[in-house]
Amino acid sequence: MSPEPTPTHYRLAPERVLDVDPLLDDPTTRIVVCCGSGGVGKTTTAAALGLRAAERGRKVVVLTIDPARRLAQSMGIDSLDNTPRRVKGVEGDGELHAMMLDMKRTFDEIVEAHADPDRAAAILGNPFYQSLSAGFAGTQEYMAMEKLGQLRAKDEWDLIVVDTPPSRSALDFLDAPKRLGSFLDGRLIRLLTAPAKLGGRAGMKFLNVGMSMMTGTLGKLLGGQLLKDVQTFVAAMDTTFGGFRTRADATYKLLQAPGTAFLVVAAPERDALREAAYFVERLAAEHMPLAGLVLNRVHGSGADRLSAERALAAAENLEESRIVDQGGGKAGLRNSPDTYGSSAPDDGSPADPEHAAGERTVDQLTAHLLRLHAERMHLIAREQRTCDRFTARHPEVAVAEVAALPGDVHDLAGLRDIGNRLATYRPRPVGGTPEDGGPEGFGPDGHAPEGDAPRDDAAEGDATEGE
Amino acid sequence: MSRLQVVSGKGGTGKTTVAAALALALATEGKRTLLVEVEGRQGIAQLFETEALPYEERKIAVAPGGGEVFALAIDPELALLDYLQMFYKLGSAGRALKKLGAIDFATTIAPGLRDVLLTGKACEAVRRKDKTGRFVYDYVVMDAPPTGRITRFLNVNDEVAGLARIGPVHNQAQAVMRVLKSAETAVHLVTLLEEMPVQETADGIAELRAARLPVGRVIVNMVRPRLLDAADLDLVRTVPHPELARSLSAAGLGGPGGGQHAERLVDPLLAQADEYAERYTLEHEQRAVLGELGLPLHELPLLAEGMDLAGLYELATELRKQGMT
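Chains as they are written, first to last, in the numbering used here: chain A, 1 to 467; chain B, 1001 to 1325.
Take the hints with a grain of salt, since some may be wrong.
Selected chain A positions facing chain B (in silico; Cβ < 8 Å) [to be verified]: (1) Gly39; (2) Ala122; (3) Leu124; (4) Asn126; (5) Pro127; (6) Ser131; (7) Ala272; (8) Ala303; (9) Leu365; (10) His368; (11) Arg376; (12) Pro406.
Think of the hints as simulated: they come from the structure by calculation, not from any bench.
Ideal Cβ positions, reconstructed from N, Cα and C, are used throughout, including at glycine.
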């Protein structure tokens, strides 16, 4: 057996496995919050978990914030009407409902529910309110949590799965309710509303000089009319449903309550995992229950015993022999960085122009397959290094991986597949896809050097390479 | 070439990386650029492997040919205090405002004020001149909010100008809007060759155009190398497996017979080729969608070693080569 380089995919141990089925099946689990940075498949994960829970018999509602169009269509929620709709095509006894958050509509509903019709009309027509409700900083986060509170209060569903907004920072949705709540109940509001309540400028004399200077400054800065809009808005809000903070606090407590589980979603990329780490720390600080980390788009290989180095060396063997055979081809140029990017032809013509389709020899193909494999192994190694950094920082966090799919998900079958991958994940020495041999049969938690562990996939057995 | 270069893109597409590479590319050959961060994530500091950036313009990199890249992480609170100081000489009253929660209100809750401060600061850097009347920065590159929020973010001044119909905030908002809607500005969108980011890019461009904001270019990031071509993929479908096994064996990967090592590599390698083919088809479709947008298209390679400082310079060179500067 030829010597192999030190395995690069050395997984940190022990690793805790996130088992989603017990979590979804547990009748005391009432809320699952999926959070994480943008572009990691958070919404898809939420939808897949919702579907899986429903097909395991629960009555589920999925609250999505900003789903990709085709994902929304796959669940039949492309109409944005802010009410849960039952999703068709769900197998089994459970039910899946899905809805897309309409932030402005949610805000309007709060106003309509808490104010008498005249006041409600005054608030809804206020320019300041219209801007605030249409989605400035924090509103989306606040309304997502508000909607969650509403859905939970209705008690129509066994389980609520909620996606979080694609915020500046993944933490915003935790902060926004408090911030808005403390603002609306705070001293500034008292200050702003005092003149309005007392009948305009007449009220000013009751305020101390510093304060009047301040409202004066704000008035100058914002323009007197905007300040007046803010004052009327706040006064109306205040008298109709005082206690924004109470509502914010209630939502916050709901998130801390037993029965709520947070799942941090990430992809095996540096930025996403860094955000995930921050999130894990923040949830701990807030005493919010973290169930684990869902790692999407993890790459694997059915031939992961063949290292990138060996694959490249073997490809070169084939290409060199071809050069000898044919008096010098250009196969060696393939895969050079110069063929990347916009300079690469778009019509499928090879980087190796002297061989048109039909002339391709099996050896050429083999060399290209080996180079493709080497690229995959490099990717796997890089993902593994990134993940190991997270694991080193947070060994206590249970993890489940979802293998990368070549395309996007746009139907229930795709969501079901993801849920299945998520639920059946078991750690293996090197990342792999479930179809290449299943999760069992690997060595003790993955530090087997090349060729030592018992395996059952297509690329194992005597494990003697280069005989 | 517009002097304010705004870089947006869906989350996860690498817009911070592209913005940084663009700032480096634009600084090449003796120019000075300012790279501005507006979301408080310290992504620039991480990319340039430096400590967290303060609210202060500081040099973070030198470009080939003597250029300089400065960076600034705009903090909305400090920007507001700055602004109040500038216009009202507030001094300690600023601290009083902060204590009352007024600053927090203004920068996090008040409609759009935060965004006005952020874009306002960037526009100020664009217009700033030194004593000799030359622009302090040749270019300002903004690592902007993601595609889904970019139009609202840039257009917020219009809304604020409408909301605050008089006063300095109104005037400030209008001044910023004049820069943002002029040829001085170009908004670029970063995408990947995947369905969701491409769709978002198309939607984002439509929104920007509807708001009459100047759309610049589309940058496809993390393009993977082309390893199999059409001829390979044809042959993948028809090649007899024993032949492939013999070829692998000839390459030095073990015996070709049933159960031997080379033979056992055949299925997984072909499975990888199938995945590649599927992704290749999808990428091809997405390129076509991007082609229909009628904008200049650039492609940046996926860096095999992951993103680091050297990779950033590599991408900057690539952007120059492709005529983005």
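Evaluation of the provided hints:
1. Gly39: holds, 2 Å
2. Ala122: At about 17 Å, which exceeds the 8 Å cut-off, the nearest Cβ of chain B leaves the hint on A/Ala122 violated.
3. Leu124: violated, 15 Å
4. Asn126: violated, 11 Å
5. Pro127: Holds - the Cβ of A/Pro127 comes within 8 Å of chain B, reaching about 6 Å at its closest.
6. Ser131: Holds, because the Cβ-Cβ distance from A/Ser131 to chain B comes to roughly 4 Å (cut-off 8 Å).
7. Ala272: holds, 7 Å
8. Ala303: holds, 4 Å
9. Leu365: holds, 5 Å
10. His368: For A/His368, the interface hint holds, since the closest Cβ of chain B sits about 5 Å away, which is under 8 Å.
11. Arg376: Cβ of A/Arg376 sits 6 Å from chain B, so the hint holds.
12. Pro406: Check passed: Cβ of A/Pro406 comes within 4 Å of chain B, closer than 8 Å.
Of the numbered hints stated above, those contradicted by the structure are hints 2, 3, 4, listed in ascending order.
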